[in-house]
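Residue numbers (my numbering), protein chains in the order written: chain A, 1 to 299; chain B, 1001 to 1477.
None of these hints come from the bench; they were simulated from the model. This structure is a prediction, so every number in the text was calculated from the model and none was measured. It cannot be assumed that every hint is accurate.
[Claimed, not checked] Below 30 Å or equal to it, Euclidean Cα-Cα: the simulated DSSO-like pairs (lysine-lysine) are:
(1) B:K1140 - A:K57
(2) B:K1433 - A:K64
(3) A:K70 - B:K1192
(4) B:K1226 - A:K158
(5) B:K1285 - A:K158
(6) A:K64 - B:K1463
(7) B:K1216 - A:K158
(8) A:K44 - B:K1463
(9) B:K1463 - A:K57
(10) B:K1433 - A:K44
(11) B:K1140 - A:K70
(12) B:K1353 - A:K44
(13) B:K1222 - A:K158
(14) B:K1192 - A:K57
(15) B:K1433 - A:K57
(16) B:K1353 - B:K1192
(17) A:K64 - B:K1255
(18) A:K64 - B:K1136
(19) B:K1140 - A:K44
(20) A:K64 - B:K1272
(21) B:K1463 - A:K158
(22) B:K1112 - A:K64
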Amino acid sequence: MNTLLRKRSTVSSFILAVSILILSYYIFISIWPILFNVYMSLSKTDLMTGWTFVWFKNYISLFKDPIFLKALVNNIIYLVVMVSVGIGTSLITAALIHKTSGFAKKAYLALFFLPVVTSLVAISLIWKLLYYPNVGVFASIISSVFQLNPPLFLASPKTALLSIIFMDIWKDTGLRTVILHAGMEEIPESIYDASKIDGASTLTHFFKITIPLLRPQIIFLAAVYSINALRVFTPIYMMTGNPPGGPAHSTQVLVMRMYQEAFYSTHFGKGAAIAMIVFVLLFALVILEVKSFQQKWEY
Amino acid sequence: MKKGLILKLVITVLIVALASSLSLIGCQKTQTATTAAETTAAAETTAAAETTAAAETPSIKEPENKVTLELWYQDWAGGKSWQQAWIPKFEEKHPNIKVNATFLPFEELNTKIFPAIAAGNEADLLMFYDEWLLGKDASKIFAPITPQLYSKEEIKKVTFESALSRVTGSDGEIYAVPWGTGANAAGILIHKDLFDEAGIDQNSIKTWDDVKEAAKKLTKYKADGKIERSGIVFTYTEAANFFLDMIAEQGAAGKMLNVDTGEWNLNIPEAKNSLEMLKSFVDDKTFDPTSGDPFTSFPNKLAAMLVIGPWALGAWGDQYPDLKLDYMYMPKYPGVDKNVHTVVSWACMAVSKRLEGEKRDAALIYIKEMLENPEFYDIPFKTGFWVGVPGSKSYVDSVVKLAAEGNAPNRAAEIAGTVASEYVPSIKLLQTKISEPDLIRAIIFPELQNVFLGQKTVDEALKYLTTTLTTKEQELR
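With the rest of the complex left out, here is chain B (with noise of 0.2 Å):
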């Protein structure tokens, strides 16, 4: 009698736990259904005030009360030396505006930020890459930056419009600001000193020939012919930002995406010769794939020259001082006129939804002063904390016009306002829904890495490129 109670017990104790979590998994989808219907009530809602909104200027209240900003940020050794420069200069000037950073490494800002905000113990003020957005819907993500602090036609003048197709809600508002690019593959990253080793003139190098001369020279071979060190490396997201940009430049960009059908083919000549160009480095015998990390080699000298954006002489100009770096601006595709530059990562800046009242004035009030306040600029430009293309017009002018005039304070800035004076105008993004670590670090690099260790052949990979782009493509859209 005793088994059977228990028995009972036990069944009744199973019955009631699945009860429950089918109900809340009901709830869940409730929950959803109502978050929908609100959403939608409040995209007609901002429809309506916006044409009102429009024509009123935003007004953002300094806030009479203390309020601490909690603000998460990539840990990267120029950028945490920048906002630690920074937010002092910040505080002082809104003194009742306190700001924690946390600083985070880059996987860890992109794996923690967006599962924090669907548990909803996200920071305040978030920084993020553009990219991440893609396949996603802004506005359900983070608070609105228009109309409260910008009207969108001010912020296409304090900002660069290509830069705001991804922080477009699809209501139409703009959800974040893009405050910098490091320039992805850009250009090329040299050891100065192992140039001037080499006798080679960085300043004579002009076309893509001339890097694979200069790689030639510089490349270092052990007794038994196997590379000792690199003439040049790719690091895995520039190699793959590269390719895409260099079949672009061969004016592939719509053979390559077809935006309508969401259909890739990289079965064209132009990727076949972007392939190659890539690979002929390793065929020469300059650039070794099995060099280990670049972010490793190259500060150790494993390799002289390095496809890379701005951004990292900055970084490891601050982590490593002693080593002698410079830049070269990317040469020109053999046969073409102009860069193009089709995956472009825009650090952004947002605000957490579910910020209220002064807290959210605050944050915004943080993000004005980092686009309009030219101090928050100057920092690196002044240090080398940073080089790259600040998401401020007005500053990019203002960088661009003293390079020009050879009044660049530094070595550092003059790169700057020769990289911003080229890139932002060859931005030419490509429009695929596929988020950058999935199209660049899953799919595109490895199979770069396949052609580069001989495992597979170039129409092997690109066939499979087009296969696995398609399919991924296709299931976004």
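Just chain A, with the same shape it has in the complex (with noise of 0.2 Å):
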């Protein structure tokens, strides 16, 4: 008995051991360059050439900054559109497919899945390419098929952002609508029936069955695309990075603002305090994430 209550010990103490090394050297990959970033966020630095602590100069020269407001509310934008018509699209999307069966359920599924597994870098300059102001695909066909102005998508403040917004939505549409259709799927047809016995409609169905029901993988990817949305920064640089931000700093985001400073500009400080901004509101966003997940509902 002695015996084997010491090898248990031992191999307790070994699994304790290996676990506390990996701990470790996960607290030390992923905790010091936070705490680093934090210290780099509070100083004055070019990395190269000084290095000098300045207290919160960063933050507040960064809150003074109109570009970088800017790109806050650019976000913002770019989080509410994307998730609001991201995700309703998608719901949309889901229940056609839902309505098909057999090969042809497949086949739409793999259609819409296909822009997922394409490289967004490839998907963006295509997509660059499209949006050409006046000679490109979009604008050739809206002009010469609908005989009507085309909009000036990537060349005009007042369309870049949205334009790289619905580009990046028809990404991904196959990805929310597979998850979607999953949900769908789990929902029992007994529901259905009952609510057909007592008279519901179609959208009923959908309104007060379908979307209640499908609440734990709606809030997955609102979650899930608007930490996205806070961090977006490829699409707007293959799109628009010429000159930065694209026209009058229209479609200037938080993580291309960042770049601009750290690697544009050496203004390392500025960058790590933008990247400490970008660190906190995806914090609260996860917070709130796992909150509305613990949260129980009842039908």
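Two chains, two frames, some hints: make the complex.
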């Protein structure tokens, strides 16, 4: 018995030691950069010629900078449109696919999923050409087929950001559709049958049954795409990177601003400050997401 | 009991991790303090040795062993062809030196160089633009050129003194060599065939009124009155450069920026005139500010003229050989008798601080050959790969002489000669500490766009620029 207890104790200690090593390594590679970033955000440095501690000057300077504030507003717009329109369109697509069956269902899901597995850089470059003012594919179709004045898409401050958001929504529609569709498949048919007996229409099914029962998936997607919207960089850079931030800063976003401050202007302190602000916003979103998941609903 | 033990262990790990993090931050500070102390000591030693060094001829030895140098160079069509033609010639002359060039697009070169230097993994030879050094001390970034390669007196004979200001460190030594400038906003690139089609002789264009007339003739309109092809367009960098140049040409450089206090003032008539001059092309409907990126629209003949440096003639001549391109030097601003260029990008070559011994000598030899071996500049001048102002004084003199005598080997060289003879004497650099990415790309051009697109009035834009540039300038002082 004592031998067994000793053996167990040795094994437990070994497992504990390994766990501590892994945990220490993880803490070192994730906590240390955050702490260093906090320190850098309170400093003025280009990492080459000097390092001066300036307390919160970088943060104060950022909140007085109209370009930074514009970037913050643009990220919020991105988040609101991406989440609302993105999830809305995916709900409709998923509902329509849910009505099909057999090979058609699989084919539709596969087709919608194709852009999801395509490189965002490649898609951004292609859409940049599609959006080219006056002579791009979209402009040509709108002017020649519909006989309308085509919008300026990426060339106008009014439409540049929405054009990028639209492309981003299109790209991930497949992923959202697959997730929502899987959720729809889980809803028992008996609920719809029971509601039919009570005289419920298709629209009532959709709004009163489907959407409420898809709440966990919707919240999950809202959380994920909110986080993506706050971190967006690739399509902004690829489609409106020359000059950076698009026409009159209309596509300026926080991560782009961070990139410009740190790598164009070598103001790493300011770049770090923007990174901290993005971190705090993302952290707040994650907390919200966790709380939402912990919520229980009864129907 | 187990839970308590695990909790204690987790807390211990967290404390250890926090302590390690804080000690590493402390090390960073100590390292910076140590580096600062070392730099001060080094600067003092350099200053003391300077008197002796100045009297000696610097000597760089040809490496006795094989040396490979990594070079980071900007990837533009003409530039790449130029280096690819030059490197084999250099290696033939210096058989123990091999050069591996990595070509990076302009944006990537800008964002790669300084972080790489901070991380200690930069290339041995580095191409960059001098305005990226604004607000920085070159002595802490690159290896010295003086007194190792040249004395300070010698380098001023080899290259232009005005081009050395930004690459001079706090210790007075030179840390990079300006080998050429694409001559920002020096003139107007044109589609010669479109000019011929419209019956316009480019030699008849002497004033900005002539440019406006030509732009009207060259603009093509759709049935609904919208512009199909702009008569003239502006790249974002050169529009902002040109805006500042015009203010200085009207004699208001000192009013625009108070160098002592770091205050900008663009609420002046000269700035208003300049911005209205640019806006007049939009109002005349000869410039469509929504026509997309000029780097795409101009080669696709969606614009007939483009305000840009002559480097584009070389770059696009190489990239799009079917285009019939030519170049006109910038007409003078109405009512003034000479052009002024306030924002000049000198392309520079520097050596990594990490290099020592034979490798450092090899890198310095590469730079010396660029400036002193006429074959280096012969390549673009005979092929048209690049049209700009060389950093070599002697080569500029020879090209200007050839152009003046009508003996330039080709049109590109003739243009380069004309530009060189006019451009360098007209350089009066704006003494701002704001680097080009902020000054031109992040601040000035977006405001110009706001005016071109009708989002802001001229006065609103100038007010914003005054406030923003002053805040930025004073942050850097």
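Do the hints match the structure? See the list:
The hinted pair formed by K1140 (chain B) and K57 (chain A) meets the criterion: a straight-line CA distance of about 25 Å does not exceed 30 Å. Of the supplied pair hints, the one linking K1433 (chain B) and K64 (chain A) holds, its CA atoms being roughly 20 Å apart against a limit of 30 Å. At roughly 42 Å between alpha-carbon atoms, K70 (chain A) and K1192 (chain B) are farther apart than 30 Å, so this suggested pair is violated. At most 30 Å may separate the alpha-carbon atoms for a hinted pair to count; K1226 (chain B) and K158 (chain A) meet this at roughly 18 Å.
Our distance criterion of 30 Å between C-alpha atoms is met by K1285 (chain B) and K158 (chain A), whose separation comes to about 21 Å. Simply put, K64 (chain A) and K1463 (chain B) have alpha-carbon atoms about 16 Å apart, close enough for the 30 Å limit, and the pair holds. For the hint linking K1216 (chain B) to K158 (chain A), the alpha-carbon distance of about 28 Å falls within 30 Å, and the restraint holds. Under the criterion of a C-alpha separation no larger than 30 Å, the hint pairing K44 (chain A) with K1463 (chain B) is consistent with the structure, at around 28 Å.
Simply put, K1463 (chain B) and K57 (chain A) have alpha-carbon atoms about 24 Å apart, close enough for the 30 Å limit, and the pair holds. Taken as a hint, the K1433 (chain B) and K44 (chain A) pair is honoured in the structure, with Cα atoms around 15 Å apart against an allowance of 30 Å. About 35 Å separates the Cα atoms of K1140 (chain B) and K70 (chain A), which puts this hinted pair outside 30 Å; it is violated. Among the hinted pairs, K1353 (chain B) with K44 (chain A) is consistent with the structure: their alpha-carbon atoms are about 23 Å apart, no more than 30 Å.
Restraint check: the Cα-Cα separation between K1222 (chain B) and K158 (chain A) comes to about 23 Å, which is no more than 30 Å; the hinted pair holds. Under the criterion of a C-alpha separation no larger than 30 Å, the hint pairing K1192 (chain B) with K57 (chain A) is inconsistent with the structure, at around 53 Å. With a CA separation close to 19 Å, the supplied pair K1433 (chain B) and K57 (chain A) stays within the 30 Å bound. Taken as a hint, the K1353 (chain B) and K1192 (chain B) pair is broken in the structure, with Cα atoms around 46 Å apart against an allowance of 30 Å.
Between K64 (chain A) and K1255 (chain B), the direct Cα distance comes to roughly 26 Å. Compliance with the 30 Å bound is thereby established for this hinted pair. With a CA separation close to 24 Å, the supplied pair K64 (chain A) and K1136 (chain B) stays within the 30 Å bound. For a cut-off of 30 Å, the pair hint linking K1140 (chain B) to K44 (chain A) stands: about 16 Å separates their Cα positions. For the proposed pair K64 (chain A) and K1272 (chain B), the alpha carbon gap of about 26 Å is at most 30 Å, so the pair holds.
For the proposed pair K1463 (chain B) and K158 (chain A), the alpha carbon gap of about 22 Å is at most 30 Å, so the pair holds. Restraint check for K1112 (chain B) and K64 (chain A): the C-alpha separation of about 28 Å stays at or below 30 Å, so the hint holds.
In the structure shown, a violation is registered for the earlier hints numbered 3, 11, 14 and 16, in ascending order.
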